[in-house]
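Undergrad: Note that the protein sequences, when read in sequence, are chains X and V. Using the numbering used here, the letters of the first sequence correspond one by one to residues 21 to 224. Using the numbering used here, the letters of the second sequence correspond one by one to residues 15 to 90.
By construction, these hints were calculated from the structure, which means they are not laboratory data. No experiment lies behind these values; they were computed from the predicted model shown. Where hints are given, some of them may not hold.
[Claimed, not checked] Some chain V residues close to chain X (C-beta under 8 Å, calculated; not the full set):
(1) CYS18
(2) LYS19
(3) THR22
(4) SER26
(5) GLU37
(6) ARG38
(7) GLN53
(8) CYS54
(9) GLN57
(10) PHE58
(11) LEU61
(12) ALA64
(13) GLU69
(14) ARG71
[Said to hold, decoys possible] Ranges between beta-carbon positions, derived for each pair:
(15) X:GLU65 <-> V:ARG42: 20 to 30 Å
(16) V:LEU33 <-> X:MET40: 42 to 52 Å
(17) V:LEU33 <-> X:ALA162: 29 to 39 Å
(18) X:ASP66 <-> V:GLN36: 43 to 53 Å
(19) X:GLU154 <-> V:PHE35: 19 to 29 Å
(20) X:GLU196 <-> V:ARG38: 17 to 27 Å
(21) X:ARG155 <-> V:THR34: 18 to 28 Å
(22) X:GLU186 <-> V:ARG42: 23 to 33 Å
(23) V:SER46 <-> X:GLN69: 23 to 33 Å
(24) X:GLY111 <-> V:ARG38: 37 to 47 Å
(25) X:GLY133 <-> V:ARG38: 17 to 27 Å
(26) X:ALA83 <-> V:SER46: 43 to 53 Å
(27) V:MET15 <-> X:ASP138: 48 to 58 Å
[What the hints assert, rightly or not] Partial pick of chain X residues on the chain V-facing surface, computed with a CB cut under 8 Å:
(28) CYS163
(29) THR185
(30) LEU203
(31) HIS204
Glycine included, C-beta positions come from ideal geometry on N, C-alpha and C.
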Amino acid sequence: MTDERHSEQDSGAAAQPARMERLTAVRPRLLSFARLHLRDNALAEDAVQEAMMTAIEKDASFAGRSGYETWVFGILKYKILDVMRYQKRLGRLQPLDDESDDDAIDRQFQHNGRWHQDARPASWGEPDRLFESERFWQVFDACMIALPDSAARVFSLRELMGLSTEEICRELEIRENNCWVILHRARLRLRACLEQGWLKEESP
Amino acid sequence: MMMCKGATRLMSLKQDRRLTFQERISLRLHLSMCGACRQCDRQFALLHRAGERFESRLSDASRDDASRQAGPERSE
Chain X
21 MTDERHSEQD SGAAAQPARM ERLTAVRPRL LSFARLHLRD NALAEDAVQE
71 AMMTAIEKDA SFAGRSGYET WVFGILKYKI LDVMRYQKRL GRLQPLDDES
121 DDDAIDRQFQ HNGRWHQDAR PASWGEPDRL FESERFWQVF DACMIALPDS
171 AARVFSLREL MGLSTEEICR ELEIRENNCW VILHRARLRL RACLEQGWLK
221 EESP
Chain V
15 MMMCKGATRL MSLKQDRRLT FQERISLRLH LSMCGACRQC DRQFALLHRA
65 GERFESRLSD ASRDDASRQA GPERSE
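Next comes chain X alone, as it looks inside the complex (with noise of 0.2 Å):
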């Protein structure tokens, strides 16, 4: 770590080449990650571009502070947020529906409100084990992608993007309790897709 943090201060030039490899080795990430949130290839691809010319024109800027990646993550967060907004505003958004998409949950419960007995939550094991599982990612891609998309957009931009509820009420124009009443149904979606694809394979 120090080696690096030398020659940062030694040659401002010279560190550029190599944050350069930076962004080209972790771009298949942000895309991966821009993908699950705009569920669309050529809108990720766009804020991807977009936020790799950011962090080239600002790398001035990086202060260090927190990682590099971290840093170009950010901006490509913000680029995300951009994308959504003008999305928004051509109307390209399905609007949020909170209403119609029970059925699925519905599924899970029985009408007493207790869990159907093939939908009862087993255990997962051990969540560091699990986030270390390529397959398990591959799992919660495919499982965002089958959410509705009025639910993966709101746990995206809860979950994945970090905002409050709040913010996404803002973000959204929708009210804080929708909010959470779509983040319920997509938590319980997500937690039965994930459970099928996941625990089946692991345990045969």
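Use these hints to put chain V onto chain X, whose structure you have.
TA: Just chain V, lined up with the frame of chain X:
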């Protein structure tokens, strides 16, 4: 008595805002009696950390790449 479906509502809410005293008590009571809901509670907490993991994997990407190019591994 709160049923599982209502309990999952509070488990979800818990990830987004602080529960009221009432809500905390009734959730804790339900969880103490329901193993399936305890699992669900863990799963929601795990989903809440999904983004954070995304972020930590970012720097792994270039570190892997850098160490592959640099040859011998740097010690952290």
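Undergrad: Now tell me if each hint is right for this structure.
TA: These are the hints, each one checked on the structure:
Nearest Cβ of chain X to the Cβ of V:CYS18: about 5 Å, under the 8 Å cut. The hint holds. The interface hint given for V:LYS19 is met, as the beta carbon of that residue sits about 4 Å from the closest beta carbon of chain X, less than 8 Å. The beta carbon of V:THR22 comes within 6 Å of a beta carbon in chain X, closer than 8 Å, and the hint placing it at the interface holds. Because the smallest distance between the Cβ of V:SER26 and any Cβ of chain X comes to about 4 Å, under 8 Å, the interface hint for this residue holds.
Interface restraint check for V:GLU37: the shortest CB-CB distance to chain X comes to about 12 Å, outside 8 Å, so the restraint is violated. Contact between V:ARG38 and chain X, as hinted, is not supported at the beta carbon level, the nearest pair being about 16 Å apart and thus beyond 8 Å. Hint status for V:GLN53 relative to chain X: holds, with the closest Cβ pair at about 4 Å, below 8 Å. Taken as an interface hint, V:CYS54 checks out: its beta carbon lies about 4 Å from the nearest beta carbon of chain X, inside 8 Å.
Evaluation of the V:GLN57 hint against chain X yields a held restraint, the C-beta minimum of about 5 Å falling below 8 Å. Residue-level restraint check for V:PHE58 holds (minimum Cβ-Cβ distance to chain X is 5 Å; threshold 8 Å). At a threshold of 8 Å, the smallest CB-CB gap from V:LEU61 to chain X is about 6 Å, leaving the interface hint in force. For V:ALA64, the shortest C-beta to C-beta distance to chain X is roughly 5 Å, which falls under 8 Å, so the interface hint holds.
At its closest, the beta carbon of V:GLU69 sits 6 Å from a beta carbon of chain X; the interface hint therefore holds under the 8 Å criterion. The restraint placing V:ARG71 at the interface with chain X holds, with a minimum CB-CB distance near 6 Å, inside the 8 Å limit. At roughly 47 Å, the beta carbons of X:GLU65 and V:ARG42 sit outside the given window of 20 to 30 Å. At roughly 47 Å, the beta carbons of V:LEU33 and X:MET40 sit within the given window of 42 to 52 Å.
In this structure, V:LEU33 and X:ALA162 meet the distance hint of 29 to 39 Å, their C-beta atoms being roughly 32 Å apart. For X:ASP66 and V:GLN36, the Cβ-Cβ distance of about 47 Å falls inside the hinted range of 43 to 53 Å, so the restraint holds. For X:GLU154 and V:PHE35, the hinted distance range of 19 to 29 Å is not satisfied, since their beta carbons lie about 42 Å from each other. At roughly 19 Å, the beta carbons of X:GLU196 and V:ARG38 sit within the given window of 17 to 27 Å.
Between X:ARG155 and V:THR34 the beta carbons are some 39 Å apart, a value that contradicts the proposed interval 18 to 28 Å. In this structure the supplied range 23 to 33 Å holds for X:GLU186 paired with V:ARG42, their Cβ-Cβ distance being about 26 Å. The hint said 23 to 33 Å for the Cβ distance between V:SER46 and X:GLN69, and at roughly 51 Å that hint is violated. For X:GLY111 paired with V:ARG38, a C-beta distance near 42 Å keeps the hint of 37 to 47 Å intact.
Separation of X:GLY133 from V:ARG38 is about 20 Å and conforms to the stated range, judged on CB atoms against 17 to 27 Å. At roughly 48 Å, the beta-carbon separation of X:ALA83 and V:SER46 lies within the given 43 to 53 Å, and the hint holds. At roughly 23 Å, the beta carbons of V:MET15 and X:ASP138 sit outside the given window of 48 to 58 Å. At a threshold of 8 Å, the smallest CB-CB gap from X:CYS163 to chain V is about 10 Å, leaving the interface hint violated.
Nearest Cβ of chain V to the Cβ of X:THR185: about 5 Å, under the 8 Å cut. The hint holds. Hint status for X:LEU203 relative to chain V: holds, with the closest Cβ pair at about 6 Å, below 8 Å. Of the supplied interface hints, the one on X:HIS204 holds, with its beta-carbon coming within about 4 Å of a beta-carbon of chain V, less than 8 Å.
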